[in-house]
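For reference, the chains in residue letters:
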Amino acid sequence: MKKKIMIVDDEVNILELVKVILEQEGFEVIGVSSGKECLDKLKEVKPDLILMDMMMPSMSGREVTEKIRKNPKTKNLKVAFLTVARFSEVGMDMLKDLNVSDYITKPFDNADLVKRVKKLVGE
Amino acid sequence: MIIGKLGNKILNAILILIATQFLITMFVTVSDLRNMEESTLTFINETMQISKNVSSSAMEGMGKEIIKTKAEDVTKELEVYIKSHPNMTVYDLQNDTEFNKIAVQPVGKTGYTAVTDYNTLICRFHKDPKIVNMDLSLLAEKLPGFWAIMSRTRGGITADGFYEWIDPDGTKRFKYMYIAIINATTADKVGMHVAATTYIDEFSLPTLKFSEELDEHKNIMLSNHEKILSGIMNDIILVFIFTLILVIILTVFITRSIIKPITEFRRDAKEISNGNLDVKIKVKSDDEIGELAEAFNQMTNDIRKSRAEIENYSKGLEKRVKERTAELDKKVDELTNSKTAMLNMMEDLDNANKELLTSQNRFKKSFNKLKELDVDKDRFISIAAHELKTPMTAISGFAQLLENEKIIENDEIRNKYLKIIETEIKRLGKLVTEVLDLSRIDLGTMKFTVEDVDTPKNMEEIKNEMLQRTKEKGLSMNFSIEQNLPIIKTDREKLREILINLIDNSIKYTKRGGIKVDVHKEYDHIKFSVADTGIGISKKYFSKLFTRFYQIESPFTRKAGGTGLGLSICKEFVENLGGRIWLKSKVGKGTTFYFTLPLKLKTK
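Residue numbers (the numbering used here), protein chains in the order written: chain H, 649 to 771; chain A, 411 to 1014.
These are computed hints drawn from the structure, not numbers from a lab. Incorrect hints may appear among the rest.
[Unchecked claim] Computed beta-carbon distance windows for the label pairs:
1) A:Glu819 - H:Val660: 17 to 27 angstroms
2) A:Asp852 - H:Glu676: 44 to 54 angstroms
3) H:Ala759 - A:Thr833: 51 to 61 angstroms
4) A:Glu871 - H:Gln672: 41 to 51 angstroms
5) A:Tyr919 - H:Gln672: 33 to 43 angstroms
6) A:Glu819 - H:Glu671: 10 to 20 angstroms
7) A:Gln770 - H:Ser749: 46 to 56 angstroms
8) A:Lys781 - H:Ser749: 32 to 42 angstroms
9) H:Gly770 - A:Ser886: 44 to 54 angstroms
10) H:Gln672 - A:Glu985: 49 to 59 angstroms
11) A:Phe889 - H:Met649: 52 to 62 angstroms
12) A:Thr833 - H:Glu676: 20 to 30 angstroms
Even glycine gets a Cβ: it sits at the ideal position worked out from N, Cα and C.
Starting from the given sequences, assemble the full structure and let the hints guide the process.
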């Protein structure tokens, strides 16, 4: 069965990019462009990994992750940040508190992205 | 001021004394007189009472005698008759006129004699025919007094006494009865007695009149006494009034002779107290007041002498004081000079301190501003970083994908990816332009080139450029440019940038509806407006809108991309070109940005 990856990013082109990259590797990619869309979608599907952008209008990636962790149905889903923000801006504490599994910076190397995603979903 | 206050006091005292005297005298006299009268009256009453008693008992005695005599006389007469008619029974005698005449005889004015059998106590001869042959014991209840006397005669015993009698009209009166025994018995051996009764007050009545006369006499005497008494009272009052007048006159004279010197004394003393120590009290009366005046004058004299001494002394003092003051003044001047010097120094210090504070404040302000700017800078940097890195991510990602042979050969996909790269590069370009513009403005190296600008032509070019963008979003685009717009002298490139920025913003923040651009002449400038039907901006953000890096949300929640530099750059451009920029907006309805450019450029 195909592994499901959810990508959350308000930038349409980024969504498109990640979708293409990961679909090439045989993943099923679900793209959502806001925190609200993400939470709604999580009611229907259970992805193996959620790639979360941090800088989004309305609800930030951090807020969305908090909400995911609060909901008992979704609190154990794997989340990784995919963001322009530097690590120093985010901090180890935030990652620990929100139980974020990985932190990938933009811009990224396509192959590197694939490698890390495969590692996260256990391939 | 006839007798003065003192005189009034004395007069009042004397008047009170006299009044008290008079009242006491009056009271004592009256009460003594009254006592005397009372005892006299008592004496008179007692005497009258005694004489009344004496006369009444005398009269009474006399009455009793008359009644007794009558009874005995009748008894004797009846005795003779009975003895001279030994064969007559009671019944016979009852029918005998002669005997009846003797038996029933008047007693006094209203009484009568009656003859009764002293064994049976049945009345045999009586004035009232009803009583004849009546058993007198039947009267025992009605006339207990009467029966008490009568019953004693049973068996032929004499008796006498008073008894109560109630007249037909109800009056209580006293009757006296004497019963004498007839020393003879009738043929039927009946023994009888004669009872004579009458009202006793028949005899005491005259004494009543006598006592009445006495009473009248007493009353006459009493009224005479009253007249005498009031006469005495009047006399006392007259004496009192006369004495009062006399006393008042005397008092007035005496007090005046006292007050006059006192008044003079006071007048002179007042003058002295006003300061005129040469005045002497002129009272020379031969009494304590005169002595007081002498002593007072003495005292004034002494005061005058000591005053003169004091004056001399104080004059001396004045001189000494003046000398000392001069010396002190000199010293004070010296001190003042040094004080002034010190004050000046302090003032200088104060000023220096103030300057220090001011520069400290300025430093604080600049420091705070720097901190603010630092924060803003950090925000700007993170936003800028995002705006930089996001397109770069897309460009790098898609470029990497394009290395794949399969993708290059697929025309559709290849073109799509290339388009995306193109768009993102443009976006980067915009960011770079904005940042460069800003730094040029800050450094003061921003160049403004003034040239003749054909507005309609330029608007047309801009319209064409933006049309694609509006079509993509499904929005309408409308340009309204006034006919025969004059040529403006301004920087063409900057004008273009301003318009593109405003229109870009409008497109970004409008979901449905459209953009309307208007250009027309107003007085000495051209007014541009860019109106949209977008989400609108709340009034509270208006003032901050044109500041640098300002975005309505925090960095982590950008609304629709952008660095927040656009509007601040627009403002700098507009103002540098001599115009004004402002906006009107309603949340939920839309926003309109306005800016003006003068026909002839006035640079700052």
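Going through the hints against the structure:
For glutamate 819 of chain A and valine 660 of chain H, the hinted distance range of 17 to 27 angstroms is satisfied, since their beta carbons lie about 25 angstroms from each other. For the pair aspartate 852 of chain A and glutamate 676 of chain H, the beta carbons lie near 50 angstroms from each other, so the given range of 44 to 54 angstroms is met. Our hint of 51 to 61 angstroms for alanine 759 of chain H and threonine 833 of chain A is violated, since their Cβ atoms are close to 24 angstroms apart. A hinted range of 41 to 51 angstroms for the beta carbons of glutamate 871 of chain A and glutamine 672 of chain H is consistent with their spacing of about 42 angstroms.
Remark: the range hint 33 to 43 angstroms for tyrosine 919 of chain A to glutamine 672 of chain H is upheld by a beta-carbon distance near 36 angstroms. Checked against the given bound of 10 to 20 angstroms, the beta carbons of glutamate 819 of chain A and glutamate 671 of chain H, roughly 18 angstroms apart, stay inside it. The given range of 46 to 56 angstroms is respected by glutamine 770 of chain A and serine 749 of chain H, whose C-beta atoms sit roughly 52 angstroms from each other. Distance hint for lysine 781 of chain A and serine 749 of chain H: a CB-CB separation of about 37 angstroms, consistent with the stated range 32 to 42 angstroms.
Distance hint check for glycine 770 of chain H and serine 886 of chain A: the Cβ-Cβ separation is about 52 angstroms, which falls inside the suggested range of 44 to 54 angstroms. Taking 49 to 59 angstroms as the suggested C-beta distance range, the pair glutamine 672 of chain H and glutamate 985 of chain A conforms, at roughly 52 angstroms. A hinted range of 52 to 62 angstroms holds for the C-beta pair phenylalanine 889 of chain A and methionine 649 of chain H, which are about 56 angstroms apart. Remark: the range hint 20 to 30 angstroms for threonine 833 of chain A to glutamate 676 of chain H is upheld by a beta-carbon distance near 27 angstroms.
Checked against the numbered hints above, the structure violates only hint 3.
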